[in-house]
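J.: What follows is the residue order along each chain.
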Amino acid sequence: MSLLEVDDVVVQFGGVTAVNHATFTADAGQITGLIGPNGAGKTTCFNVISGLQRPTKGHVRFDGRDVTRTPVHRRSKRGMGRTFQRLEAFGSLTVRDNVRVALDIHRGLLAGFKPAQSDIDALLERVGIAEYADDRADSIPTGTARLLELARCLAGDPQLLLLDEPSSGLDETETDAFGELLRDLASEGRGVLMVEHDMDLVMSVCDTIRVLDFGEVIAVGGPALIRNDARVQQAYLGYSDVDEDGGHDHTAVLPAVAEEVKA
Amino acid sequence: MDKFIAYALPGLFTGAAYAIAASGLVLTYTTTRVFNIAHGAFGMVMSFIFWDFSQRQGIPVWLSLILVLLVVAPLTGFVVQRFIARGLGDAPVSVSLVVTVGLFVGLIGLAQQVWEPEPRFVPPFWQDKSFEIGDSIITGHQVITILASIAVAVGLYFLLNRTRIGTAMRASVDNPELLRLFGGKPDTVAALSWAIGMSLSALAGILLVSVVGLDYFQLTLLVINAYAAAMVGRLKSLPLTFIGAMALGLLDSFALGYIDPESWLADFRPVIPPLFLFAVIVLMPTAQLRIGQVKGIVSAPVPSLTRMAVSGAAFMAFVFVATAGMSEANLLRVGAAATYAIVMLSLVLLTGYGGYVSLSQLTFAGVGALAYAKLDEPNLYGLIVSTLIAGAVGALVALPTLRLTGLYLALSTLAFGVLMDKVVFQDEKAFGFGGALSADRMSVFGTTIGSTGNYVLLMAFFFVLCGIGVLILRRGVLGRMLVALRDSPAACGTLGLDARWFRVGLFGISAAVAGLAGALFAGLRGTIGAADFQYFNSLPLLLLAVVFGVTSVTGAALGGIGLMLLPVLQAEEVAGVSLGGLMFVIIGFGAVFAGRDPNGLANLLFKIGRWGQRRIVARVDEATGGSGWSPIGPRTGQHRAAGDDQDGYDDGYDDAYDDGTAAGATSHEPEEAGSVATRG
Amino acid sequence: MSIPILEVIDLHAAYGRIEVLRGVNLTVPRGAVVALLGPNGGGKSTLTQVIAGQKKPTSGEIHLGGVAVRNSAADELARVGLCTVPEGRSVFPNLTVEENLVLMSYAGVTAEAVLETAYSYFPRLAERRRQLAGTMSGGEQQMLAMSRALASDPALLLLDELSMGLAPLIVEELYDTVQQIADTGVSILCIEQFARTALKVADYAAVMTGGRIVATGEPDEIMETMSDVILGGAA
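Top to bottom, those sequences are chains A, B and C. Here the first sequence is numbered in this note's numbering, starting from 1 and rising by one per residue. Here the second sequence is numbered in this note's numbering, starting from 264 and rising by one per residue. Here the third sequence is numbered in this note's numbering, starting from 944 and rising by one per residue.
FYI, nobody ran anything at the bench for these hints, they're computed from the structure. One or more hints might be untrue.
Stated by the list, open to error - A few chain A residues that don't get close to chain C, going by computed Cβ distances all over 10 angstroms:
hint	residue
1	S2
2	Q159
3	E180
4	P223
Stated by the list, open to error - Now the in silico label distances, taken between C-beta atoms and shown as ranges:
hint	chain 1	residue 1	chain 2	residue 2	range
5	B	F531	A	K57	52 to 58 angstroms
6	B	F724	C	T1001	32 to 38 angstroms
7	C	I961	B	I871	57 to 63 angstroms
8	B	E835	A	T142	53 to 59 angstroms
9	B	W874	C	I961	26 to 32 angstroms
10	C	A1011	A	D8	53 to 59 angstroms
11	B	P830	A	D157	56 to 62 angstroms
12	C	N1014	B	F384	27 to 33 angstroms
13	A	S118	B	R345	41 to 47 angstroms
14	B	S567	A	H59	50 to 56 angstroms
15	B	I879	C	K999	35 to 41 angstroms
Since this is a predicted model, take the numbers as computed values, not measurements. Positions of the beta carbon are idealized from the N, C-alpha and C atoms, including for glycine.
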């Protein structure tokens, strides 16, 4: 049994189908990548999983229980945490207070009587943004704010982390460190489901990758498999040449595209 | 059957008038996202202008009608949209509601000032004509009203579906930014819809005036009936709004015909619209948490504990000195000011920190007072129980709106205020006729506080206590959560906070504080009545709280004094002109312009204070060679960590608010389901 | 050389305290199709919004046909011939197809002309004239959106992520339309995250990342030098 099971979920807005019979799972202790072109329905999937959007059809099961109709906050209490593609940091609070609020919420209203300072510092340290602790959250760079959202969500000690484009805004070194952190989190037994555009990161850290296109899961597999899947090439990367060596380098395929343009 | 028709016909007539008013409300709300609480008040003023034209100045009725409906009303709508309502749609509910409540109160004041109270009569249209349907008679005026509502329905249908500007109006409901990219002008669309909305409210007012009479309040409160109807259409569907209005009109009329005037049910007849509203609200579908929605952010000043204690002590000392040797009458006034100030503290918590609006805070005070008097336990125990009762009632009011947004919460409080006033407070079992329910002075640990002077000191003490309590809440867990909740409800949800119950709790605490004020007031006065807690007075109270600063305890103290002085000033005459209505005008329009900055006048005081402080520090710096801490320089992290929260105060609101609206208006999410979902 | 239709000079823009555009310089020659590529979060959409007049820049200049338009409102620009198709479905979902088309006449042509052009290019829209736009498929909605570009004969067409969430076949179709519009001499700035389709029609290409244009040139040059930026490899 998987930690998270998305079962035949359909989401329609008016007549537009954003998610089309999506079925996939995410396991505890694993990093699962959810990729696909812009507009493929990834964020909508996240909204359905976290409870911000009710699906037109289908079910979401978490930890063996059907949570399709469970309100957002209760899913969180059961161990789901998420970050947002469009930042949802508490802009008028400091970075430290952002995490403090998350801890408060996690521990309930009596939290104010327990000192949380060391816990907060530990969380900020862990995601690597301790130096920003006293800055207002609306004044920090995007990448940092994404890490803050992660720290905030770790305050609830979630079993499942839903990360929506967590690395955008991070530079190369930061992304590497972030990859380390992800592996670390997974090794603690947490499931990580991540929507991500940085293919290098996805290919290097994910145990499994699900490819979503037009709201439909079109491929499932490990990085090597996904890279070589023709349908994925077509849908996601927009060209059909296959990267033979299976490494993290995509540059090889691009001249081919240029050729095509010249032709 | 005859009886049925006999009551159905007038029901259709009032329903038709409600429908006209409600469609105007829906039109302005959907196209500009501003809920105009003053919709009825505008209708009232327009009816007065119609009376003035047609009766006082003797302009022919048809010409007066044209002048009001096609010139004065649209022009007013245009001006209000351009200069007041513009940009409010993106503002938080606490700002947009306060501004329109300001209009509401200001217009009532204006009407009172311009047209002094005297009996006025507007004859019905087509007076000498009537038709028979079976055994029932329908007057010409009723026929005209029903026809007018049909004309409005058809007219609106054609405008919205058959003309380009009407199509643009509907497009602007979907996405005003996109309309701009099409080359359309959302501002023109908004102005037009306000102009039409205003004409419709004028038409409804003029049609109803011959029935309900030319009264400042009756016509104004039609807005409750209108929005009860509008809510059937979920504030967006015009056909459903029409159906809702007709249902309400018929219900009202049948209640008159079929409920035995002797039965207990008869008490509820005047409050059918608010009850209807509650029923509709309970049946409304759940609002989904919004993603990517940015609200205005208010950073409230939070002094340190020592500073609180010192200020509190200083305040007590000041009250002690100031009230020494004061006359009994003045002492009572100070007591009233303390009462209002405590009620305003409850608004600091709810509106200033939480961003929610209550339009019935005085009603909660009334509940506290009533409980205190009825309990007949004039001691701390009685006080606490009364406070808890008021809190419970507050939570109960917030409960039906659990699944809805702040706007609905505010609207249901107004309905609740009217309901309580008319059904409970005015009942002889409550305050009794003429308002002579007696209450005793409180005793503290066995010692009765008999003298008014001491009692006022006790009240001041409670104010300080509540003030410190509110500030401690703000500094603590609750305060942080409130800010977090305002910044991002969606993130709070995914972190495990149940915002809905949190809101109910907050509302309950706020009502409890107001109830405490009421209970203390009951003890102060000795006798209390329904007149002390009229629902309407909750509105100037809210507005004064905002004008003086609804984010700070200082603002509450100043506001309390201001509200206490209100009747004193109203009684004044300047050059033979009574100031009665004028005070409402000042408060109302003051709030219209001050409402955008909830930090209010108190902020000025803080700024002056900080400026003084800086001057002194700067001088000291100069003297010592400018080493170390400089309050004017750029703020660093350490600096803020050092703990002067007040410093981060004035930059919070304006900056964040501006950024917020900019981001909210322009960013369009690529694969964002949330933004699509929230449009619906 | 004639005055370029669009000139963006040292443009800066920010959300709150976070700077998104950090000195963008970009030129679209008259009659040319320019593809602006780059990874998500690189500032492309913000640039569209600033050019379209929806967002105020913090500094810098925008010249449209030689005229400084930095302070013009979006609707003014739309009426003088800047046609912006923003990302996402840029139609009014709760209006019918025909009503959507009627509103396109704000750009300075008669409603009849818009209807005629749109229906002749996309007969499928004529069949669905009474249908609510929001209930059509993504591709049909995008056709409807493109009708505005076709009918209003703009001086500059600004396309933001036209292909987003659409099947490759439909994207091909849409770019055929773009090509047709380009053939009539309309200048086009076309912003895409993914390169291939856009580059097919482009005369020039530019790459944007980190709030700056990091490379410009012929499409094939761009491909060779900036490949990993386009695919979001390195930030």
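J.: Against the structure, test the hints numbered earlier, and report the numbers of the ones violated in rising order.
T.: 5, 6, 7, 12, 13
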